[in-house]
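Participant: Work out the full structure: start from the sequences and follow the hints.
Note that the protein sequences, when read in sequence, are chains A and B. Per this note's numbering, the first sequence starts with residue 1, numbered consecutively. Per this note's numbering, the second sequence starts with residue 1, numbered consecutively.
Since the hints were made in silico from the structure, they are not lab data. Here the structure is a predicted model, which is why all the values come from computation and not from measurement. Beta carbons are placed, not taken as given, at the ideal position from N, Cα and C, and that holds for glycine. One or more hints might be untrue.
Stated by the list, open to error - Which residues of chain B face chain A? A few of them, derived with a C-beta cut under 10 Å, are:
#  : residue
1  : ASP123
2  : ILE125
3  : VAL220
4  : VAL236
5  : VAL259
6  : ASP264
7  : GLY279
8  : GLY307
9  : PHE318
10 : ILE332
11 : ILE335
12 : VAL351
13 : ARG352
14 : GLN393
15 : LEU397
Number of protein chains: 2
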Amino acid sequence: MTRSTKLKPEYILQADPAKRLADTIKRLLRRNAYTSLKKIVAKTHAADLSVIFHSLTISDQHRLFDMISDLEQKGVLFSELDEDVFLSLVADMSVDTLVEILGQMPTDDVADLIGRFPQEKADDILKRMDLEESEEVEGLLRYDDETAGGIMVPDFIALKENITAAEAIRSIQEEHLEVEMPFYLYIVDDHDHLVGVSSLRQLVVVSPDAPLNTIMTTDVLSVKTDMDQEEVAKIVARYDILAVPVVDDGNHLVGIVTVDDVIDIFRKEATEDILKMAGVGEEFVETKSVLKSTRIRLPWLFASCIGGIVAFYVIGRFEGSLSRLTYLAAFIPVIMGMGGNIGTQSATIVVRGLATGRFNIRDMGTVVLKELTVGLILGTFYGLLIGSVAQLQYSTLGLTTAVGLSVVISMSVAAFVGSMAPMLFARMNIDPAVATGPFVTTSIDIVSVFFYFKIATVLLDI
Amino acid sequence: MTRSTKLKPEYILQADPAKRLADTIKRLLRRNAYTSLKKIVAKTHAADLSVIFHSLTISDQHRLFDMISDLEQKGVLFSELDEDVFLSLVADMSVDTLVEILGQMPTDDVADLIGRFPQEKADDILKRMDLEESEEVEGLLRYDDETAGGIMVPDFIALKENITAAEAIRSIQEEHLEVEMPFYLYIVDDHDHLVGVSSLRQLVVVSPDAPLNTIMTTDVLSVKTDMDQEEVAKIVARYDILAVPVVDDGNHLVGIVTVDDVIDIFRKEATEDILKMAGVGEEFVETKSVLKSTRIRLPWLFASCIGGIVAFYVIGRFEGSLSRLTYLAAFIPVIMGMGGNIGTQSATIVVRGLATGRFNIRDMGTVVLKELTVGLILGTFYGLLIGSVAQLQYSTLGLTTAVGLSVVISMSVAAFVGSMAPMLFARMNIDPAVATGPFVTTSIDIVSVFFYFKIATVLLDI
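Facilitator: Below you can see the structure in the form of structure tokens.
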């Protein structure tokens with residue numbers, strides 16, 4: 001157990017102003033102090049409101065939402081809420097109100113939210129929206145949610161390659177005031193093909209008469225609309241850029257993916273991986289109801305249940321030996337536990353190694369061999385230790401050897417299976433994160449128990 | 001098991017140009033084709049080189065590094081490498097060469113790397129560095145690695161509040177060409193106190209004569225030098241900003257933390273959490289040697305070993321019952337397995353919920369109660385299922401009840417302990433991520449086994 005030397009801030013309630021604010025808001029809600037509430041809400045950043053929102057009951061969420069008068073604030077809140085909370089909040093909201101709020105939001109967020117509504121309501125909303133915006137939203141809806149096209153914003157500065165720096169600055173001053181990320185100026189040819197990139201800083205330092213195609217950087221990185229969002233995120237992270245342009249199959253510039261979305265992707269993918277590794281689905285269940293949460297977790301435990309029943313039949317086969325040497329049963333937990341734990345270690349290392357790009361499936365041989373070696377070393381160490389306990393207790397060399405040897409085998413097999421399974425899963429395009437879940441640990445349990453009884457039966461001649 | 005519908009790109013080798021490049025480079029290294037290698041290396045982005053680096057043997061890493069002629073490329077590579085790889089690479093590099101390469105790097109990265117060298121060598125390097133730079137580096141070294149001060153760059157644009165927009169643009173054109181992130185212009189008073197923020201875009205759209213303090217945004221978010229890096233990262237993510245200014249205790253602007261570092265923090269913290277949850281330390285062990293890796297993993301397995309030995313003594317206490325009803329042993333794996341798996345689910349949900357801010361330790365009551373409810377429901381379901389198997393096999397109502405009841409208790413206790421432990425750990429300022437490791441699962445094992453035998457002994461009257 002490591003005692004962390006730094007104080008992790010989220011656990012220190014007094015120190016976090018958001019938590020203090022949450023307390024104030026809860027108190028005011030209890031007192032129905034609506035005037036004070038409205039004042040506080042108006043002064044609070046929507047991002048902070050969304051944090052507070054998560055800790056309220058559904059009815060308090062509705063009451064607090066009604067206190068917000070700023071449409072933009074409502075919009076930010078919409079895009080920050082988990083799907084369940086969002087749907088309960090908008091359930092009895094009129095289409096007009098929704099259109100008003102969505103009208104304030106970035107197009108990519110609108111497209112995400114539209115997808116959460118039932119088809120009919122979504123169509124209704126799109127129909128009542130500003131034509132230009134609804135076209136942009138529908139444009140984004142064509143792409144898969146988790147691709148570059150699905151997460152891009154159609155909101156960027158594109159300048160023609162043959163205008164001058166001075167003309168470019170003027171056009172930015174006049175036309176592009178609404179653009180969220182004005183740091184990269186993308187340069188396109190007459191057919192909207194992406195040909196280069198520049199920056200406002202570059203424009204202000206060059207001669208005002210210089211045409212853009214003489215000053216731009218032509219070595220511009222772009223991604224295709226159908227690239228998986230995780231890979232887009234990795235590219236933005238790898239090259240330390242603030243946005244990456246997205247092009248369609250014809251190399252026409254159609255949008256950009258910005259770094260704030262990249263952060264969200266990494267955080268979401270990490271949560272997904274962690275939940276999958278523990279066998280709790282992909283989505284965060286704790287914000288869901290007890291029944292929903294139960295339904296998501298039930299099937300993952302099924303693997304473990306089936307595995308346990310198989311282990312039961314395996315042990316049943318050795319009932320004869322057991323009835324003669326009952327104490328054999330006492331070692332089942334330690335043998336299963338050691339195998340299970342080292343298997344989880346190996347699987348986790350491989351899963352995270354694959355996710356962070358530290359190794360890829362082509363390294364399978366090396367990685368599995370290394371894990372097997374570690375398993376053998378650790379297995380020998382703990383085999384000797386646990387064997388000694390058996391010797392102390394029963395002074396039967398046969399039993400000592402059987403227990404020790406079983407630990408070695410169980411731990412080596414576990415390290416092997418634990419590292420091999422995620423690699424194989426990755427090869428078959430199954431997410432390797434599921435390999436650390438009940439499925440693999442349970443197979444290790446069965447193998448461990450089987451070998452233990454087999455070895456004991458042979459060595460003790462029973 | 002979920003079959004992922006999207007093809008995760010990192011597993012598709014042919015499609016990734018970095019992987020293709022890695023193959024080419026490995027081939028050229030085998031053939032000692034140094035001229036071609038140099039050409040390819042010169043054309044490759046340093047970030048891509050660092051990916052390839054990880055997949056090479058140590059001697060190939062040295063040979064490839066020697067092919068790099070561009071100092072800046074060497075610098076980027078330095079900052080991307082894991083500590084072990086970096087130290088092996090620089091082991092026999094002269095101080096002069098090191099100073100030359102470090103001279104090309106951002107100050108925050110240099111400060112990080114300096115900390116990896118032995119004290120003497122670090123002092124040597126600092127002495128030979130350019131005075132201004134070494135002072136900046138030493139300034140950063142004063143702060144703890146994992147705080148805002150430790151990760152900030154002293155590289156930002158600060159403008160006096162009383163100059164005009166036109167003067168500001170001129171100063172940016174003349175003085176601040178080297179600044180990495182020229183998007184935020186921080187405005188300071190005569191004593192370098194942070195008083196506002198503006199942007200290049202704002203400067204080009206206002207009247208050139210407007211003094212900065214009339215156009216700036218005064219509502220500027222900043223963090224203190226000693227804030228934990230994880231909290232800094234959360235602020236940048238929450239407010240969707242590209243950089244956050246860092247101030248010292250006297251509110252003097254001393255640096256900025258940029259969004260690219262924030263991405264690295266999130267990825268690193270996610271990896272740390274995942275590894276801790278599996279009981280494999282905090283650092284990624286797979287890039288270390290077999291022995292180092294073994295040493296890190298050994299103590300984490302100790303908890304599981306001790307737990308297993310305790311379970312052994314617990315079962316030993318019931319040897320009498322076991323010798324009369326040997327088949328009791330056959331249910332040990334399924335009861336332990338079900339408890340262990342639901343315990344991991346609960347602990348994971350709570351750990352991730354705390355890390356992402358979905359709930360905090362004040363929600364302990366609600367969260368634990370909910371987990372307990374889920375545990376009871378799932379326990380009843382699987383208790384009935386596994387009890388039925390017992391009934392089918394042995395047709396002994398006492399045994400059926402004992403097995404079924406034990407599953408219910410084991411799963412409820414596991415959900416309770418699994419959700420309670422990380423909450424308590426967080427309260428005691430121990431990282432909750434360790435709660436999913438061997439420590440908690442092992443205690444659940446012991447409790448499960450004990451209750452099982454106790455119930456069986458009573459119900460079967462043995």
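Participant: Each hint should be assessed against the structure and marked as holding or not.
Facilitator: Quick rundown of the hints versus the structure:
1. Restraint check, ASP123(B) versus chain A: the minimum CB separation of about 25 Å is more than 10 Å; hint violated.
2. Given hint, ILE125(B) at the interface with chain A, is violated; its Cβ is 24 Å from that chain's nearest Cβ, farther than 10 Å.
3. Interface restraint check for VAL220(B): the shortest CB-CB distance to chain A comes to about 13 Å, outside 10 Å, so the restraint is violated.
4. Evaluation of the VAL236(B) hint against chain A yields a held restraint, the C-beta minimum of about 8 Å falling below 10 Å.
5. This hint holds: VAL259(B) has a C-beta 5 Å from the nearest C-beta of chain A, less than the 10 Å allowed.
6. The interface hint given for ASP264(B) holds, since its Cβ lies 7 Å from the closest Cβ of chain A, which is under the 10 Å cut-off.
7. With a cut of 10 Å, the hint placing GLY279(B) at the interface with chain A holds, because the nearest CB-to-CB distance is about 6 Å.
8. The beta carbon of GLY307(B) is positioned within 10 Å of a beta carbon in chain A (closest approach about 6 Å), and the interface hint is therefore held.
9. A distance limit of 10 Å between C-beta atoms decides the matter here; for PHE318(B) the minimum to chain A is near 9 Å, and the interface restraint holds.
10. Here the hint on ILE332(B) is kept, as its CB sits about 5 Å from the closest CB of chain A, short of 10 Å.
11. Checking ILE335(B) against chain A by beta carbon gives a least distance of about 7 Å; that is within 10 Å, so the hint holds.
12. For VAL351(B), the suggested interface contact is upheld, since its CB lies about 8 Å from the closest CB of chain A, less than 10 Å.
13. Given the 10 Å rule on beta carbons, the hint for ARG352(B) holds: about 5 Å separates it from the nearest Cβ of chain A.
14. The interface hint given for GLN393(B) is met, as the beta carbon of that residue sits about 8 Å from the closest beta carbon of chain A, less than 10 Å.
15. The beta carbon of LEU397(B) comes no nearer than 18 Å to any beta carbon in chain A, farther than 10 Å, and the hint placing it at the interface is violated.
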